[in-house]
Amino acid sequence: MLPRLLTISTFLLAMAYSPGSIYGGEKPKPTDYEVKAAYIYNFAKFIDWPQSRFPDRNANIDVCVLGNDQLGQYLAKIEGKSTGDRRIGFKRNTSLETLRECEILFIDNSQMGKLDKILEAANGSSILTVGDTKGFAQRGVTINFYLENNKMRFEINLQAANRAGLKIRSNLLNIAKIVTGP
Amino acid sequence: MNRILHKIFLQFCCVLMLTLLPHIAPAGAEYEKAAPDRDLTELPLEELMEIEVATVYSASKFEQKLTEAPSSVSIITSDEIKMYGHRTLADILRSVRGFFITYDRNYAYLGVRGFGRQGDYNSRILLLVDGHRTNDNLYDSALIGTESIVDVDMIDRVEVVRGPGSSLYGGNAFFAVINVITKRGEDIGGTELSGEAGSFDSYKGRFTYGNSSKNGLQALVSGSIYDSRGQRLFFPEFADQAHNNGVTDHTDFDRFHNVLAKFSYGGFVLEGAYSSRTKGIPTASYDTDFNDSRNSTVDEGWFIDLKYERNLDIGVDLMGRLFYDSCEFEGNYVYGGMVQKDLGHGRWWGGETQVSTTLLDRNKIIAGLEYRDNYRQDQFSFNVTPYEPIVNDRRSSRVWAVYLQDEFSILKNLVLNAGMRYDNYSNFGSTINPRLALIYTPLEGTVFKILYGTAFRPPNVFEQYYQDSTTQLANPALSPEKIRTYELIYEQYFGKKYRGTASGFYYTIDDLIVSTTDPATSMDTYRNLNRAEAIGGEVELEGKWDNGLTGRVSYSYQDTWDSSTGQPLVNSPHNLAKINLTIPLIKDKVFVGLEEQFTGRRKTRDGNHAKAFFVTNLTLFSQNLLEKLELSASIYNLFDYRYGDPGGSIREHVQDMIQQDGRTFRVKLTYRF
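Protein chains in written order, with the working numbering: chain A, 1 to 182; chain B, 1 to 673.
Source of the hints: derived by calculation from the structure; they are not laboratory data.
Honestly, I wouldn't trust all of these hints.
Said to hold, decoys possible - With a cut-off of at most 20 angstroms between alpha-carbon atoms, the simulated EDC-like pairs for lysine to aspartate or glutamate come out as follows: (1) B:Lys-589 <-> A:Asp-48; (2) A:Lys-151 <-> B:Asp-156; (3) A:Lys-167 <-> A:Asp-69; (4) B:Lys-412 <-> A:Asp-69; (5) B:Lys-364 <-> A:Asp-108; (6) A:Lys-151 <-> B:Asp-91; (7) B:Lys-183 <-> B:Asp-91; (8) B:Lys-544 <-> B:Asp-156.
To be verified - Label-pair ranges, simulated between beta-carbon atoms: (9) A:Gly-80 <-> B:Leu-669: 34 to 42 angstroms; (10) B:Thr-446 <-> A:Asp-48: 43 to 51 angstroms; (11) B:Thr-446 <-> A:Gly-80: 42 to 50 angstroms; (12) A:Asp-69 <-> B:Ile-410: 13 to 21 angstroms; (13) A:Glu-79 <-> B:Asn-311: 23 to 31 angstroms; (14) B:Tyr-209 <-> A:Gly-165: 51 to 59 angstroms; (15) A:Asp-48 <-> B:Ala-633: 50 to 58 angstroms; (16) B:Lys-611 <-> A:Arg-153: 34 to 42 angstroms; (17) A:Gly-80 <-> B:Tyr-490: 35 to 43 angstroms; (18) B:Tyr-490 <-> A:Asn-68: 22 to 30 angstroms; (19) B:Ser-622 <-> A:Gly-165: 43 to 51 angstroms; (20) A:Asn-68 <-> B:Gly-267: 44 to 52 angstroms; (21) A:Ser-95 <-> B:Lys-628: 25 to 33 angstroms; (22) B:Leu-669 <-> A:Gln-138: 30 to 38 angstroms.
What the hints assert, rightly or not - Facing chain A, from chain B, some residues (calculated, C-beta under 10 angstroms): (23) Thr-41; (24) Leu-43; (25) Met-49; (26) Glu-444; (27) Asp-546.
Glycine included, each C-beta is placed from N, C-alpha and C at the ideal position.
Chain B extracted, bound-state conformation (with noise of 0.2 angstroms):
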């Protein structure tokens, strides 16, 4: 039933999409009253206010500088967040062109460019807020579920940059760089009161103060509450009376409650963040109690961010950067009825600093320093009663690295971008990675880039460093993981409208770390042993029309492989497609937000196969309906289509596949005065 549905409303979006694209295109019939030959001087005023302008792209800074980066990017904006009914970081990352999602129903993980490993905590990608780096020091993970640090309603855009990053970024840039970058309080302007209520008991509460004063004074104050009781749910792999017939309940729990402050006055931003999350661990993970509530995760960190611009009369800007952060972990885990604590403690400050200018006209040099201090990164793992300790690992480390980028336009329409940065970590020596792209733009509107980079995963403490006496051995020897990526990528601008790109890659992943048994001691533990290789290619034409209507179409194809077995990699997907389209019903007031995203299947850990699958998401959003009112109210996996995750490792999960959410829904009320 619901597959037939599902073709029905595949057909109705391509013959929307088919009539759409071409019928509200001819918008630029009515510029035929002034045609271009004509001289714009001689036109009276309220002509020329009736004149539309062409070639946005090229008017905003910013648009105009996704031309000249030198990778794929894409950005997200807060007006799309709302539309879509995003719920989290990993909401919108999902409808991101060539991006999946995995969820094992503790950690949301992020899959680029075919390449998703659960367990790995999302540690080869770089997660920023507003440039301050978020992965922590203990396991490098980048958080984007409900655990992210930064509130979803918070977000102003999201800029996803593809490609290795470690040339400007250092560790962890590998697959990916991802910029949220938080709203100001002008954007606010006034206080926000919002609510909303979802499916499974979910309930989320948030305040929020923003402003700005005549004298440039911005401030911006945020906090967020949410509580979810979680699914009932069913685990086969547990079907007998001695686990509650393979039933849980009470234990796919969900809470957190999150503050954001930012203050900015003259070239300084002063920002701090704090989150806390709780979830339960329904899927029993690491052998623990089936069906225990208190089997639970929580991950709590926070940060403190200074920054400092400022651009020089002669033509050079500085930045300047001081942190400092924490993350906390703890993971309860019940063996026969005891808790066995894991904690995790992580602390680190440090600098950056930053100058950029403008040199014989034709380089634009960006040269750059980082510190960063990892004073603390200790591990804890014990028995709470009767108290025994199984791990007790404290450690500390120091990063520096230099960087340099220098923007060359060869010819007016001809630049070469080549970076290269050095990084050197006191836990495993140093690392170079360069970035070479040439940007051609033969016409306006018509972009080639020709990108070549490097980038590196470090080995995080826990890779390095836990050791229990019976299941885990340290390796202090670890390497970094090495990617090098070759890309070709052709974007076109058609007008204002649409914007159309096309790009392939390739890359090659060296000294991949991997979970091992020790022959030695048959305990398990981490080595740099495989090799893996992708080849892929994506396409998306997005488009933007008077009226309101947006929408994207993208579809992405990757092949992956491990290099000496030449077998394909687990939870990699070879087909991705999406579909997002806003639709306003009534002008500026009413709008449908629809998702459509279908997911290839994937191979799973013991080799079975977890079907491809097509989830449809509706949300309706209003706005200015009623005075000072926003209010939407969305379908999530609109068809009920069932399907599953790839389950992460045999430590970690029985399961080699892990249901998913079935149709869900969500109401949000918000009030701004």
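Same shape as in the complex, but just chain A (with noise of 0.2 angstroms):
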């Protein structure tokens, strides 16, 4: 009996106890979506894209997502910022076909089944793809995004930076984990 209710009331109190802590005035983390729109803007700072890239000097950096779009929010909020030279622009409801519009295109997990394609469809166009999905790196996306420790890291593929053209500047490359692949 006396175990019994020695393993139950561990419980109990492990219950009672452990909030008080969680909720102890702390405030809430910043979610991981939060977290990748301050990255991607850090990377449309620097990374560099061919002139011609641009159709003029004022051109913004269009940021769009295909996929599930919870990274959205956090984009609406880097919009109009300054990179220097270039302001960030987002773009809602990209597609396949107006994919090409995007200087940054960040692919969701959804994505998945449909990466060749879209890679397909962004070759040759100077498109920074970004993912958040193990593998995506190798399989031919530029920067890919994974957690270490609850940490946000991020991994390059140099060849699919090479083929976009896009230059990236060594702060990234110091703090990335290069990944080889397509």
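Join the two chains, each given in its own frame, into one complex according to the hints.
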């Protein structure tokens, strides 16, 4: 009887005890999408597109999302921000047909089955492709997010960057994991 | 002595939990450096890299699905399986909230929500391997002990979905659906050799090769062999001179070998599995000769499954599956020195197709079609020498089904999940099973679910058609058992670190199939006789901390009764409590896995009570300590707690209680290259 009571009381105490420490006045942590949006802003700052990519000197660096649009609400917040010489634009409702209008294309996990088609459509247009799915960089996506000890990191596929004519500055390369792939 | 040790140990656990929980939690303090109201986009890259991301349950698609699932779900991963030293699927399920295992030293039976009926071969749960139905077409059995079709080392994770699942899965998804997901080639990434040795001369060896190529081809091939001499056992029921004073040796042996092969390319997955197990029966079941090592059962099963999945650009996902399955059962029963054989041959093939799509942005629709042709469901029984046939019954049957499910987002935080499935069985007719779930997420991390659903268990060919001239009468008129379940679930995520669950359920079962005596012939026969009801509740807290410490604690209460007599059901504990803790001793390298399981008192067949018991399992696990080598050492039932599980029906077991293992050991070594 005693052991049983102990077990139950342990459980109840643990239940009662732990929320206090969790709700101990701490502010909520940012969601992963919030951090990804901040990174994407930095990508726009530290990656150079070929000049031919932009119609004029004031053209935006347009960010688009393919698939589930949980990132959208945070991209809307970086819309209009300056990267130095240009500003960030955010385009909604991107499809396979319109993705060539984007400078940065975020490919959501839900697009896994269509990835090859997407990359084919993006090929030759100097688009920075960004993903957050294991294996995407190896399959040809330029930058891919991953989590390490709850911290957001990213890997870079240099071949893919070269093919798109993108110059990635060293401060990004220094903190990225470099992967090889098509 | 053991009890005292136990109390001390439990107190230690309590202190550990209570001290660890609050102290490890304030890891969030680090985050104060980058308060959330600060604009993340203005942070230098180096600081961005140090920000801890919360709410991984919304990041990882998988866990998010958990909160959206119209059920209470538990997931057990391969890491946990290794760190807790689980040897079989039954070991894994023992650690799951609300579940308990009954072992009659021949088969392992799973009890769910207070319902644990030995002799049902787990036909009230549906066991899937990578989505492939493994319940056979003779007894509808779901094999979870050493007889399980998939080797425990090949499991990537086990998804346990509680509650009725017939609205999607059809028959036998009565109390739960258990989906075993096997590893992929890339999870192995080379060759793995594994060897283990345990108490009672138990040895196991395994070879696995798995890899993936750049073009996306994945391959995995694995095989295992196991041999255990088993225990020397004493059964007081046989304690006389004619029966070796109740002592039996060399009758508890257990041997199996299995193979798994899996290839995937593009949207195709081709998978095949085979296993064969031979188990000695030390209990002298069905009045066989005591202490005769020829008493045994052989369970051999295999399947081939080809699955194709494709996402069409128009937002439609397609899935198709073709399968071919076989099950061979052989029972050897010795009477007066002569062997009587029971044989079951089951063969079936079938296909399944499923379409899912999103309509009008708010409806996620799944529609499917399934067909199974049970072209062989044969049962035989005969005396070997001199040959004398007893049962010769050949059957076949067909099942087809259609189902539809809609996940309708009424509001941003309110989802209605409604599904229904129509099953048509050629041997008893049709049944329709709905499920309705309302999923409400008032705050991020807080989920309420209200569920209602029905499920059925079809009568199996053994219950319907097995007939001999003296003891067993067939009953082809059996109808399916029906369960109606109501559930209320509350899930709370506290950041990334904790998940809490509290749930309550009530169910009624109609037309329970039970063995009874036919008044005209005095023979045993199966009838849709009983009604049962149950009410219960469960609470669980899971935690995961940065330093690698993980754990879960759960308590379940359930009250079951026979609706006509009001009597509690046999083998139904009121209380179950579990603690699972992995403690890292050296980060990412050495872990202690600790399991503590409490099972309350259970009524037995003869109206006695199997006493409540504690089982403590301790595993020391190391990886990367020596390159490419994984080592583990486990002690099961650390305090050598003596306990018994209730025996089965009076025909099967003389024993009202069957003694379980005391303290046992295992060491395991896995080398990867």
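Hints, one by one, checked against the model:
no. : hint                                        : verdict
1   : B:Lys-589 <-> A:Asp-48                      : 42 angstroms, violated
2   : A:Lys-151 <-> B:Asp-156                     : 24 angstroms, violated
3   : A:Lys-167 <-> A:Asp-69                      : 27 angstroms, violated
4   : B:Lys-412 <-> A:Asp-69                      : 14 angstroms, holds
5   : B:Lys-364 <-> A:Asp-108                     : 18 angstroms, holds
6   : A:Lys-151 <-> B:Asp-91                      : 34 angstroms, violated
7   : B:Lys-183 <-> B:Asp-91                      : 19 angstroms, holds
8   : B:Lys-544 <-> B:Asp-156                     : 19 angstroms, holds
9   : A:Gly-80 <-> B:Leu-669: 34 to 42 angstroms  : 60 angstroms, violated
10  : B:Thr-446 <-> A:Asp-48: 43 to 51 angstroms  : 45 angstroms, holds
11  : B:Thr-446 <-> A:Gly-80: 42 to 50 angstroms  : 34 angstroms, violated
12  : A:Asp-69 <-> B:Ile-410: 13 to 21 angstroms  : 20 angstroms, holds
13  : A:Glu-79 <-> B:Asn-311: 23 to 31 angstroms  : 30 angstroms, holds
14  : B:Tyr-209 <-> A:Gly-165: 51 to 59 angstroms : 41 angstroms, violated
15  : A:Asp-48 <-> B:Ala-633: 50 to 58 angstroms  : 56 angstroms, holds
16  : B:Lys-611 <-> A:Arg-153: 34 to 42 angstroms : 53 angstroms, violated
17  : A:Gly-80 <-> B:Tyr-490: 35 to 43 angstroms  : 42 angstroms, holds
18  : B:Tyr-490 <-> A:Asn-68: 22 to 30 angstroms  : 26 angstroms, holds
19  : B:Ser-622 <-> A:Gly-165: 43 to 51 angstroms : 48 angstroms, holds
20  : A:Asn-68 <-> B:Gly-267: 44 to 52 angstroms  : 20 angstroms, violated
21  : A:Ser-95 <-> B:Lys-628: 25 to 33 angstroms  : 47 angstroms, violated
22  : B:Leu-669 <-> A:Gln-138: 30 to 38 angstroms : 32 angstroms, holds
23  : Thr-41                                      : 5 angstroms, holds
24  : Leu-43                                      : 7 angstroms, holds
25  : Met-49                                      : 6 angstroms, holds
26  : Glu-444                                     : 8 angstroms, holds
27  : Asp-546                                     : 6 angstroms, holds
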